[in-house]
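Enquirer: Listed below are the residues making up each chain.
There are 2 protein chains.
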Amino acid sequence: MRSSRRTFLKHLLAFATTFRLFMTVAGAQSAAQSDPLPSWNDGPAKQAIVEFVQKTTDKSSPTFVPQEERIATFDQDGTLWVEHPIYTQVVYCLDRVTAVVKEKPELANVEPFKTVLSGDREAIAKLSMHDLFKILDATLTGMSVDDFNAEVKKWLETARDPRWKRRYTELTYLPMIELLKYLRANGYRTYIVTGGGQDFVRVYSEEVYGIPPEQVVGTMGGTKYGYDKEGKPFLTKEPKLLLNDDNAGKPEGIHLMIGRQPYAAFGNSTGDRLMLEYTKAGDGVRLAMLIFHDDAPREYAYGPAQGLPDTRVGTFTQELYDEAKKDGWIVISMKNDWKRIFAFEN
Amino acid sequence: MRSSRRTFLKHLLAFATTFRLFMTVAGAQSAAQSDPLPSWNDGPAKQAIVEFVQKTTDKSSPTFVPQEERIATFDQDGTLWVEHPIYTQVVYCLDRVTAVVKEKPELANVEPFKTVLSGDREAIAKLSMHDLFKILDATLTGMSVDDFNAEVKKWLETARDPRWKRRYTELTYLPMIELLKYLRANGYRTYIVTGGGQDFVRVYSEEVYGIPPEQVVGTMGGTKYGYDKEGKPFLTKEPKLLLNDDNAGKPEGIHLMIGRQPYAAFGNSTGDRLMLEYTKAGDGVRLAMLIFHDDAPREYAYGPAQGLPDTRVGTFTQELYDEAKKDGWIVISMKNDWKRIFAFEN
Chain D
0 MRSSRRTFLK
10 HLLAFATTFR
20 LFMTVAGAQS
30 AAQSDPLPSW
40 NDGPAKQAIV
50 EFVQKTTDKS
60 SPTFVPQEER
70 IATFDQDGTL
80 WVEHPIYTQV
90 VYCLDRVTAV
100 VKEKPELANV
110 EPFKTVLSGD
120 REAIAKLSMH
130 DLFKILDATL
140 TGMSVDDFNA
150 EVKKWLETAR
160 DPRWKRRYTE
170 LTYLPMIELL
180 KYLRANGYRT
190 YIVTGGGQDF
200 VRVYSEEVYG
210 IPPEQVVGTM
220 GGTKYGYDKE
230 GKPFLTKEPK
240 LLLNDDNAGK
250 PEGIHLMIGR
260 QPYAAFGNST
270 GDRLMLEYTK
280 AGDGVRLAML
290 IFHDDAPREY
300 AYGPAQGLPD
310 TRVGTFTQEL
320 YDEAKKDGWI
330 VISMKNDWKR
340 IFAFEN
Chain W
0 MRSSRRTFLK
10 HLLAFATTFR
20 LFMTVAGAQS
30 AAQSDPLPSW
40 NDGPAKQAIV
50 EFVQKTTDKS
60 SPTFVPQEER
70 IATFDQDGTL
80 WVEHPIYTQV
90 VYCLDRVTAV
100 VKEKPELANV
110 EPFKTVLSGD
120 REAIAKLSMH
130 DLFKILDATL
140 TGMSVDDFNA
150 EVKKWLETAR
160 DPRWKRRYTE
170 LTYLPMIELL
180 KYLRANGYRT
190 YIVTGGGQDF
200 VRVYSEEVYG
210 IPPEQVVGTM
220 GGTKYGYDKE
230 GKPFLTKEPK
240 LLLNDDNAGK
250 PEGIHLMIGR
260 QPYAAFGNST
270 GDRLMLEYTK
280 AGDGVRLAML
290 IFHDDAPREY
300 AYGPAQGLPD
310 TRVGTFTQEL
320 YDEAKKDGWI
330 VISMKNDWKR
340 IFAFEN
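Top to bottom, those sequences are chains D and W.
Take the first sequence: its letter number 100 is residue 99 in numbering that gives the first Met the number 0, and every next letter is one higher.
Take the second sequence: its letter number 46 is residue 45 in numbering that gives the first Met the number 0, and every next letter is one higher.
These aren't lab readings, by the way, just hints derived from the structure by calculation.
Each hint can be trusted.
Identical copies go unnamed one by one, so any copy, or any two together, can satisfy a pair.
Here are the simulated DSBU-like cross-link-like pairs (lysine-lysine), alpha carbons at most 35 Å apart as the crow flies: (1) Lys-54 x Lys-228; (2) Lys-54 x Lys-180; (3) Lys-279 x Lys-324; (4) Lys-54 x Lys-223; (5) Lys-279 x Lys-153; (6) Lys-231 x Lys-324; (7) Lys-54 x Lys-153; (8) Lys-228 x Lys-153; (9) Lys-58 x Lys-152.
Please construct the entire structure, taking both the sequences and the accompanying hints into account.
Expert: In structure tokens:
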């Protein structure tokens, strides 16, 4: 009896050990699976996000937010994907100049098209805002919405950025993609609120970010209803600015397109300042976060707040940094808060 | 044995009868429950709706539409609620003139405010479009978005229409409310696309139609970001027209706010013509419907297509009627297609 009892106990012990091991492994797996933000390092930024979601989605929380009011807005350039050294949409417009001049050869000797065609990078970089708007008008308007969409789609498939030699749509930040999904899984509707062209971003926003066209708020141009030769109606993109979705245009664009004050907003530059301020001004718990580009080896480091020159692409001033600290906005350090930046990294 | 068998059979018969009765009642209930459009009479209009939904939501259908593309757009005045004898928003603006003059007494002797304050209905009816725009600017702009929302909400609670003596929000068409719900239950996102003010309609659209603010496309005015005395940011409604959401403005507004071509569109006047044309121009199965106000006893009858005078509120010309018939748009006769018009009817 003793022997059989010992055997029984041995088996029980073995079972218990195996079971405990199993539970440990299972627990570790479950913890890994249950971390919705695996590309974020533990720290104040990640913690702020998780706490915000808990406080606004837990029904017993005094700061619970009904699902229909859960709106989160994201700047795009520098917040969801790389903006340096030059905004992707501007690269598109410069690339399109060749095609535009082919259709209108008289532009070849007219500025600023002549400079763009020369390929002289330094001269191109010195073009004025006025010149840039001429290029935007010529390359982004005057065609049907369908033709424009097809052109952008084709360009995105073939164009490569000069540093990583990848499609521009691959230069999206993995931690932010995880954040978009995490918020959506918690009943938030995620919107892009960008200074870039609304129609441009809509071409890829659903595939790249899971954000449908109706949730893209951007700089808005007018369209004009008309008919083709067969009498079929279509919309032409007009050189008429309806709303410049930058600075004050961001809260104004949010009101126009959404009609609700966001509960969370994410940006990375002075152009996002008023969107974050507007978001934080609401009642209850609100989340405002600013991405700080401080990782030259893995991405870029830029902006006066780091004592670096203002390259006018995604300006992050010391003033903005101070305001963030003062008003309880969370600054995300790419270097410290992000374990991994791009999905293509090993 | 015979006796007990007879008893058994009697019980069985009783049970079967009861069971059949039960099944009949349950079947009738189930049939009633399964009709999603109980306020619609059987006929071509109801049939067109049900067929459209089947053809676009049945996965085995060659004209199946993925859920993210299921967009249905609805005009408001005359399509979702009563527009005669005068648009509700115009009644609001006229009512607001008193409050505006109280704040700016110098307007009391200035036209068109003087005429509105006189209460002379005939003189008011003769005001020009230019005068009307002055009234719209004075009553719809110059205040914060929050103050405007609160004013409209208060007015909707107290104002009564002259014919039914009911709140304006009760003058919504029950068959259309059923249709909105039916489409949403089948994965469609329902949008209002109205010539009325976007901000005005947003105040009640969620409660009245189940349509959230971000799905209201209307005539759009600009706003201006600023600060109150305590430094809290807010948006002021500006007298700046961004888009007149009528005629060609409807497809243009749909592109701006949604960025997708609708699969179904509903209207009732020439102002909706291009929205319906744009919708029908898409590939696959598309539904375009026009409500025909031909029911003077229960609502109103108006429009040249019935040989009645053009009152310029919801004009329905013979030309529009002919185009509808030619292009396969479905005309909904209020008289024949709607069993019940308002929820408050017995």
